[in-house]
Amino acid sequence: MRILRIPAGLAVGGLLLVTAPVHAETPPPDAPVIARDDHLFKTFGGHDGLVRITDDLFVFVLADRRINGFFEAKKIPHIKDMLVEQFCQILNGGCTYTGKDMATSHAKLGIHEGDFNALVEDLQKAMDKNHVPFAAQNRLLAALAPQHRAIVYKPNGSEEE
Amino acid sequence: MKSLITGAWLAAVMLLTPALAQAQSVPATGGKLLLTGGVSQVEGAAGGGLTPWAVIGGNDSEGQFGGNAYYTEISTTDYKITSRGVLFSVDNRVELTASRQSFDTQAVGAALGLGYGYTINQTTLGAKVRLTGDAVLDQDRWLPQISAGVQYKSNDKAGLVTALGARSGKGTDLYVSATKLFLAQGLLLNATVRRTKANQYGILGFGGIDDRYHTEFEASAAYLLSKRLAVGAEVRTKPDNLAVAHEGAAYDAFVAYAVCKHLSLTVAYVDLGNIVTRRQGGLYASLQAGF
Ligand code: HEM
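From first to last, the protein sequence lines stand for chains A and B. The opening position of the first sequence corresponds to residue 195 in our numbering, with each subsequent residue numbered one higher. The opening position of the second sequence corresponds to residue 115 in our numbering, with each subsequent residue numbered one higher.
Treat the hints loosely; a few may be bogus.
[As the list claims (entries may be wrong)] Some chain B residues near chain A, calculated using beta-carbon distances under 10 Å:
| hint | residue |
| --- | --- |
| 1 | S175 |
| 2 | R281 |
| 3 | S282 |
| 4 | A298 |
| 5 | H376 |
| 6 | L379 |
Quick caveat, the hints were computed from the structure, so don't treat them as lab data. All C-beta atoms in this analysis are idealised placements derived from N, C-alpha and C, irrespective of residue type, glycine included.
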């Protein structure tokens, strides 16, 4: 019950004035490998499965008015290849990600948290379409979610979350 | 007093206006993932059915604003309890809520000489602010999302509840909630500590045998079966501070279904513990519509 250590006497007015601690943060390492063997990778249909999922992902993304404006047509084949590599590495499918780190590739885009969640939704749809079980989807999403810190734009540079 | 508190609440809204203006300058895209904003707990805050969670309600993420409205009906052994309210949230940081709880005593009212269907109403104004963490996105950290909240409650039958032994018809609850989604496991856990004087959520007034704040605990666990469907259970302890009637903890087991992004339905079996007459088991149903 760690929560017990939080001071309970937070005054009503004070609630609205609390500011989150601000400190500079080094970019997180690239997404971790989350599976011990290639079982999870097979659940996603192996390498071919990941190619189908990213193809479908971009069908959904390009139809998604919330975020399709971010993607230049000529860059999409490369982004897809890099996503397959990254997913394959995370799922222990025997690949090595060769693209740029997440902070560098997204730094200038001004992506907001809502855009990030929109992309996650489109990815969920693509995984649903390819019959990836819900629990397996969540294992991949859990590995991707922390990357929001590198991907989502922070107006003041370095606010915590 | 009431106008003073309402004034303070409006002042809070004003304080938020700069954040809101900034939010409006950002296109309202995206939003939260399904069910991760919780549903509406009985006093209007985002949470489970009984307990507030650290999540901020409304379908807004950073730089956006959102809101929802809900209606809840609980039919127990002797009573019918309804709760309805609205929630406004900004920047996935702050939520403000206004709600009304009605406690229809049905036949018990007649037995007590109050009249069949005698109803006690309570208005609750709430505010919650996210202090740190992100329950959904921070999957590589142990730190939960932590929020602090306040619920100001005003009961419209102060005369009756003070006659029953309560010290006041008005009271303020303070709480801190910690919520963590273990996404890879599909498990959401919440713990809340509340400082309160309320008897039966405030329906039976505030204070009694003593007029002190009591520290109470609330916990929820929810398991995600799919994007749209979650099942879970909750417990909420309460003060036992009225000499005339024992009060115990409340429990529920719920199923929450997101019909779509803007509509969710929650049904639960609740055991609200003893309320004046006897143990109150029953059905809980809640509908929430958001934007
Ligand atoms: C977990 C979430 C995400 C992952 C894993 C991811 C992954 C990647 C990868 C691997 C690349 C290619 C890097 C390279 O060129 O070597 C990339 C590029 C890109 N991503 Fe993301 N991304 C994510 C979220 C987003 C979101 C939310 C958006 C916008 C809505 C976005 C927009 C872009 C764009 C526009 C590029 C091309 C950048 C350029 O080279 O000009 N990404 N992403």
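Just pull the numbers of the violated hints for me, sorted ascending. 2, 3, 5, 6
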